[in-house]
Amino acid sequence: MDLSAAQQDALIELLNIGFGRAAASLSQLTGHRVVLEVPHVSIHPVAAVGSVLSEVIKGDIATVHQIFSGPVAGDALLILDHSAAGRLKQLLTDEPPLPLSVDASAREVLTEVGNILLNACLGTFGNILEVNVSFSLPHLNLETLRDLLESLLINREGLRYAMVVHAGFRLRDAEVMGYLVIVLSVASLDLLMRRIEAWEAR
Amino acid sequence: MGSPLSPGDKNLAVSPTLLNAAMLRWLDELSGQGVFITDTDLVVRGWNRWLERFTALTSANVIGRPLLQLFPDLAMRGLAAHYRAALSGEVSVLSHRLHGHLLRMPQSRKDGSSEFMPQSARIAPLIDDGQVVGTITVIDDVTERVTSELELRRQIADAERARLQAEEASRVKEEFLATLSHEIRTPLNAVIGWIKILRGRPVDAATLTRALEVIDRNATAQAVLIEDMLDMARIVSGKLRLDIGTVDPVAATLAAVDVVAPAAAAKGISLRTSISPGLPSIRGDAGRMQQIIWNVLANAVKFTPTGGVVHVRAEQQDASIVITVEDTGEGMAADFLPYIFDRFRQATSSVSRPQGGLGLGLALVRQLVEMQGGQVSASSPGLGLGSVFRIAFPAAISLPPMVEDDPGDVPPLADLIGIRVLVVDDDADARDLTATALAACGADVYVVASSDQALARLLDGTHPAPHLLIADLGMPGRNGFELIELVRKLDGDVARIPAVAVSGYARDQDRERARDAGFNQHLSKPITPAALVEAVLRAIGIESEKGDFRRD
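Same order as they appear, the protein sequences are chains S and Y. Counting with our numbering, you get residues 1 to 202 for the letters of the first sequence. Counting with our numbering, you get residues 203 to 754 for the letters of the second sequence.
Don't read these hints as lab results, they were simulated from the structure. Here the structure is a predicted model, which means the values were calculated and not measured. One thing to keep in mind: the hints can contain errors.
To give an idea of the chain S side of the interface with chain Y (calculated C-beta under 8 Å), a few residues [claimed, not checked]:
(1) Leu98
(2) Val109
(3) Asn115
(4) Phe135
All C-beta atoms, glycine included, are put in the ideal place defined by N, C-alpha and C.
Working from the sequences, and respecting the hints, build out all of it.
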């Protein structure tokens, strides 16, 4: 699904509000100035997300996954490759990274960071849509991109779309790229886009 | 109606609500987590057993009271925002690493690792029929995890440190092997090269002198190198034995100066000696003491350019005898100073480096100094600015010092006039060397090539009996050990003839074996004339103390 220039601008502006809120939380939490930027956003059928993400993500990934429900429902994920996850955790905590599989503390920190970002973005959408969105507990999974995509495709009915948001974390003179993926039903996406256009035109 | 759970009753009477309450009580007993709930005003409405146990607050204490009043630090630490977020439907994860803990509870583990129980927590809305009706908080004690992660990090750091050390040791050893082969080959090349020249064509006297000088210098250098390696091997294996006695620091210093003087002169380096009068003795091994000073001096000469100055001082400072060697040479960079006494180290460690040597000399110095209760240190103002080496030994109980009116004076060459020496060596060159060195001191030398010839000479009544026997140990036929054993079993005075063993075996056990067999002294090859003469004097001295030797 192609976004019009106006839709794209409106979506980026809205995401930046959410990212600004998340960056403020992370700055306060870590004592370092954290800047979060949205350089790019695009929307694809879920089945096509794999080819989009595999261009920017290599190797194993760490995913923070939250399910949200309400009038708008779906899956929200923050995806980081392992080196980005390790780097982000080190920048936030000043601890040298260990392999994520043995570092439960690092997994927990990443879960908190992902939770902050996903809450901020979806919370902002909820405000715009004037609906209450409720969230499941976030979970961090270590898996391959392929396994993740398969789990998104299995047992779900109806055509669904994924919003892929590039998220650049900048802190302490370093930049770490992560990817926010929000999977929505056609109806949810349609509602969201209409509300966003209305918000933009207000 | 009786109790709903009394025996005989049908369970039909038990309401689902009651069952739920019973189940919750069980779950509460089993729970390994802290759980509490609030209403939308953040007033505590539930407080589980785990929390009662670890906070020392009973549910009666907390239920009905506002959370932020019970725990005012939640607001101060910015955590109240998570409760506001929960009331708007958001879930929060509070990681231990970024928050430490949610509720302040005493540390269950009394190891002082942290004051409060390390926790992670989740805060979520309680939702009923799409409406937020309160909040629920779940707290995990992560003490175990934090401890095991710390341990893991410590192990990884240890392993990394060990790996780096092993790599460094392996690198240093590889460099050492490269240096070793270079250092062994270089003097050999000179020796072999000159020998080929000398054998190939007639040369004039000046060339011959030069050739011999080169051969002598290189062979000596190689002997020193091998001796250093053997010493280091002995030290490493704990087999180096010291012959501890009273050492005159002045004599040791002067002897070391004598050895390096030719090299300094050849390089145009001014070698200055200042010795305080009346220095007390020190305890140690005289030979090793001289080796220590010699090594430091040789090092100074090696790293000082032509026209430079090497200044050696021996003086008393408080209760120590301090020998200082100061040079105007290359000096050392501050970052190399800590490694200066390490084995196999030189500041430039490639084979093409300008200064030869194995980098063992100073390592030996430190080991030998410390084994004798002394201390050695090095300092340098920087590259190009010279170095100072300081060796300090505790002064021995004050003994009358050796009188040395003119410390710069070299002791006169020993006088062996009238001493009859019988030399046995199957190697003609070695025989000649020994005979020439002794004859130069006035000794009357008779040489033979085998043990049997030596025995014949000793038993031959037609010649005056020799005063001393010098025997090679490794000889075909009857070897030196067998010779001395036979001699010691002979009848008459000849059985007590002082005897010096000369051999290429330089290990301590070889020395001991020679003594056990009946030799009075042992000299390892290559021998210098000075060492030979000294050994002869000692052997004779030992025997004369026994009372039946005198010069005639």
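Hints and how they fare:
1. Leu98: It holds, given that the least Cβ distance between leucine 98 of chain S and chain Y is near 7 Å, below 8 Å.
2. Val109: Holds, because the Cβ-Cβ distance from valine 109 of chain S to chain Y comes to roughly 5 Å (cut-off 8 Å).
3. Asn115: Holds - the Cβ of asparagine 115 of chain S comes within 8 Å of chain Y, reaching about 5 Å at its closest.
4. Phe135: holds (5 Å)
Of the numbered hints stated above, none is contradicted by the structure.
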